[in-house]
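Once you've looked at the hints, dock chains R, G and Z against the given chain D.
4 protein chains.
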Amino acid sequence: MLFFKNDYGQGCIPEILTLLEQANHESFNGYGQDRYCEAAAELIQSKMPDTEVDVHFITGGTLTNQTIIRHVLRPFEAVLAADTGHIATHETGAIEACGHKVITVPNNAGKISAASIRKVFNAHMIQYEHMVYPKMVYISNATELGTVYTRKELEEIRSVCNELNLYLMMDGARLGPALMSGIDYTLNDIAKWCDVFYIGGTKNGALGAEAVCIANTMLKSYFRFVMKQNGAMLAKGWLLGLQFIGLFEHDEFYKIAKRENELARTIQEEAIKLGYPLFMKSETNLVFLVVNPKEFEYLKSRVDFEIWDYWNDDIVIRFVTSFHTTMEEVEYLGVYLKEAKEID
Amino acid sequence: MLFFKNDYGQGCIPEILTLLEQANHESFNGYGQDRYCEAAAELIQSKMPDTEVDVHFITGGTLTNQTIIRHVLRPFEAVLAADTGHIATHETGAIEACGHKVITVPNNAGKISAASIRKVFNAHMIQYEHMVYPKMVYISNATELGTVYTRKELEEIRSVCNELNLYLMMDGARLGPALMSGIDYTLNDIAKWCDVFYIGGTKNGALGAEAVCIANTMLKSYFRFVMKQNGAMLAKGWLLGLQFIGLFEHDEFYKIAKRENELARTIQEEAIKLGYPLFMKSETNLVFLVVNPKEFEYLKSRVDFEIWDYWNDDIVIRFVTSFHTTMEEVEYLGVYLKEAKEID
Amino acid sequence: MLFFKNDYGQGCIPEILTLLEQANHESFNGYGQDRYCEAAAELIQSKMPDTEVDVHFITGGTLTNQTIIRHVLRPFEAVLAADTGHIATHETGAIEACGHKVITVPNNAGKISAASIRKVFNAHMIQYEHMVYPKMVYISNATELGTVYTRKELEEIRSVCNELNLYLMMDGARLGPALMSGIDYTLNDIAKWCDVFYIGGTKNGALGAEAVCIANTMLKSYFRFVMKQNGAMLAKGWLLGLQFIGLFEHDEFYKIAKRENELARTIQEEAIKLGYPLFMKSETNLVFLVVNPKEFEYLKSRVDFEIWDYWNDDIVIRFVTSFHTTMEEVEYLGVYLKEAKEID
Amino acid sequence: MLFFKNDYGQGCIPEILTLLEQANHESFNGYGQDRYCEAAAELIQSKMPDTEVDVHFITGGTLTNQTIIRHVLRPFEAVLAADTGHIATHETGAIEACGHKVITVPNNAGKISAASIRKVFNAHMIQYEHMVYPKMVYISNATELGTVYTRKELEEIRSVCNELNLYLMMDGARLGPALMSGIDYTLNDIAKWCDVFYIGGTKNGALGAEAVCIANTMLKSYFRFVMKQNGAMLAKGWLLGLQFIGLFEHDEFYKIAKRENELARTIQEEAIKLGYPLFMKSETNLVFLVVNPKEFEYLKSRVDFEIWDYWNDDIVIRFVTSFHTTMEEVEYLGVYLKEAKEID
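Chains as they are written, first to last, in our numbering: chain D, 1 to 344; chain R, 345 to 688; chain G, 689 to 1032; chain Z, 1033 to 1376.
The shape of chain D in the complex, shown without the other chains:
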């Protein structure tokens, strides 16, 4: 059975395992105040020299999003997200559980635009006090559909956030693949655009660790209180710093993502060649195809993948490449895709 189900179905890169073994002979301060977390924060900071960021480590995207948003917003303030955004769909209401409405904006290929943000903001201002106050914009980059924001889009969003006095937050669960998708910006730019964002480790070769980067000085104080209250401060916090050392010490973070993207592109191109309609043209490590029931049945018994949606009789399926995926597996998948087409 080939595994293309997701990018969190396998352990971690060898560098991290090695660090774990090495750390197993040492003693540490608890709760993220240790030499590994310190070193990892410095490594991450070195990637964004133009902005002074505070770095904190948390395990899991939902917990990270929840902790950030709980920290930033006052009770009556809301966060604006694409209707495909992770916080709007697949976090079981974690943001509402902290008391905040997620205002959704119709997505365009998984993204939202500066224009749609302004429109929603203005609509809320008319009913001042009787509606929530939109105070934060949440974007995922790469998006849940595998697409990536362009420099121009991000600059426009930052600009509208400046104009309307909104915080900009980036969910970087798949920030690695976004940065390696051929775009013309880096972590250093992201730190300048965003008030707060996180760099996802879990889906990019780590065991389970995300690095929260707080760029806006006004948002830096007391974050550790909110982490602790939200159950997001690990006793053995050095385990998280350690993983980011593994990811960034020799730029494995980027190398993994680059390779994932290439493998995914190979799959996508093969699928196009074979005549599979794309649900969405991906630029990263997610591939979305539309298959008919026969193709679906053929693939299902040979490949582990996710069903994304149902389109009448057809099915949208998702293949995901990870740090663990091999070219051999990609070639096998190509063969199965070809055979599935032939049985039609």
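Hints listed in this document are in silico derivations from the structure and should not be mistaken for laboratory results.
Keep in mind that a hint or two might mislead.
Below 25 Å or equal to it, Euclidean Cα-Cα: the simulated DMTMM-like pairs (lysine to aspartate or glutamate) are [as the list claims (entries may be wrong)]: (1) Z:Lys1287 with Z:Glu1360; (2) G:Lys807 with Z:Asp1345; (3) D:Lys255 with Z:Glu1058.
What follows is chains R, G and Z alone, placed relative to chain D:
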């Protein structure tokens, strides 16, 4: 200046003032455990003989909706509402503030259908655990657009709620006008269809009082704890029972609503005759017209009303009749509407 | 049956009823943005000329406390209160329901001291991040035990709040009786000491209205959003402003409180003379006596009062005077107290 | 520098590292629905054959406590804990952040008694509706002071919980040391006494994993929804199951705890012999001594430990043994303790 701004801009019917004066010489137990609340509950219960309901009194629609939903739902459960529903729009995130997502369904003339409920429910079941669990259906009757659910629509909604094991809640802020709109059902039917609903007094001639009716036995216990915790249990609770005696003792509740509807219908028919497009064909005491900027300016200086929406250059405005509105005022409004048309 | 159960068991002073009748012929803007609320705010503001306060009207003490605290505190911040404080005991966890811990301090005659505040604060600083951050001090004045803070106590508390950067909030449910208890400070002083406080109307002759006064400029913005979200913004808001006009236009607020205190003092002195032990020496309109079971039984059948506590076989009972209490009732109570003693 | 600071300052037992390396070549279903979690759940279930428990894995004590309590309680319900209980002190208000009051009971050597539970419950029933409803009893075993509940104490607590219809929850962050402290009960008994409890891995040789055991059938449904909403469902969930396989496959869980206790007892006995007063007689892996300032200074430069409290000039310090502690380290500590005494 004519007042057609809303149905909560004036005091109360004389019956209630008289009761207030009379009660001012008596002493009462606090927190709604007094003879007025008891008598009011019995009066209300007498309108729904086929169901044994628990009756509680709260002031204000937002506080009432919030208290009910907080009481009924478990943390991960969500309430489903029309995208025009009051809890989804004009309660400043009061439901999310209690931790619950409001899942919105596109409205059809302010209403939602059994089919749309089933569709949303099924979509959530596919992503079990990763999405909130839709557990309650919230409908407003009359709706925020002045429309009223038919018997057939309500029976279908009840049926899908039974099938999917969902609670049905009716926001009856304008239940009086709904019941007097010519439909073929009564409070007795509503008590059979809904698990919980409230009868709005504030917008129907009272000073400020809503009667929560809990029909589902499973939801009856501990409601007073949630009221108290939510700041919804008034020390001088008899003031609320008293208002419902004023509304129901001689059926003023129905008479007021009937008259409001008739006055609104007169306005709506006059507007149609004069050639004003309707934004929505109302069946109750709300009238929605589309006016151009010149008409708007003319009316604005003579009549107090709400702007509902902007349509390019045109403006959707809302006139509301209340217990306090006179036929003379309606006739004046007709004259102004005619004059506004003539200046075009 | 004599009524000494509480100060919220009867309607309102005649001035308020008269205003209600008069307002019943007028039309108003909703949600507290009307001429009555404006005039009432000005009246209240005129009592505290040295501080510019924002005034908002809410119905009910629990809802008021909850709204203020939700507005002021960030998620990880906590409020410090006496263990007898209303928010710590008789609000069914309303503050915790907003996510905030109530840190309790042992009371001294219902009060807390600057020293105890500092001690609790310092203890929390040692466990920084692992404990909540104490950010607000809540005091009731008069206290739940009928006692009143002295000028010196309040100045010391303000001083420690300045030193530790804490907000000071005063629950003024019974602020009238406190101000009329013979102390040497006024509303003008309270506005200088407190960041936020409320003047209770419900227990001082109104139907149900409290006036929130925000003195700290940093806390003024967006309060109406939190009110609305918390269900604390009444549609017919003018009803609340109106009540405060009734209370303050001719200083009825003070006159009522003065009279209540005098009647209570008469009861307390009579009780002392008769040999009843006091549970607490009250300075306001609450009287706490210790009675034995026989005395209790005798009184119970003649007077409506509250049981405050059980002391082995004895019972602590509470008598409360209100705007409605007459000297005749107080004399009758004196007779019953005498008779109860005689049957021992 | 000797490390006796805590039991979460070092990595994990070698068995777990080996499993990690082995699992690194495999692919898994996400979110705890994998073969490792399944096998771990079966292993744990095998230790409590008389009760059918549901087992879920979460990382971190605060997140686990918060998730359980959020799952179990309705909004107005509260949890009762010792004033030394972890949820009452060192979780930065995590339980209140979910809306629930933590009612504290004065501890007796870190424990609460059936009698104190009944007393608090009864006091709340008198003020029914105006106070929170105590619905759950939280106990830590071993306690935060290193003490352990006896069989008799637990049977009495269970009995009062049955009588008053309360849920019993055990925080088992240090359940291993408790079970190995010489008491006459096992996990099988705990599963019969508790409605829900958790077995702590983080402080007992794992990297970071706790096993929630739900024994009460009424509490089993929908727990995964609350986990996900609370950010407590790890994408790479098999990492948690895997750790419990490492702990329980060859009973390392028990062996570690036994050894920790023995090492701690050695320290405690040595300290007694040297004349150090105990703050608390520990039965597990925590040792609390009272030292004077000179002793403190001497030890501080040689040993890493926690300050627990200040007693006038003296200081209460805590030594903790862990899976990683060696007899050699214990002997060195003994030497330092001796030397510290001699410099007095």
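The hints, checked one at a time:
1. Z:Lys1287 with Z:Glu1360: holds (18 Å)
2. G:Lys807 with Z:Asp1345: holds (16 Å)
3. D:Lys255 with Z:Glu1058: With a Cα-Cα distance of about 21 Å, the restraint between D:Lys255 and Z:Glu1058 holds, given a limit of 25 Å.
Comparing the model with each numbered hint stated earlier shows that all of them hold.
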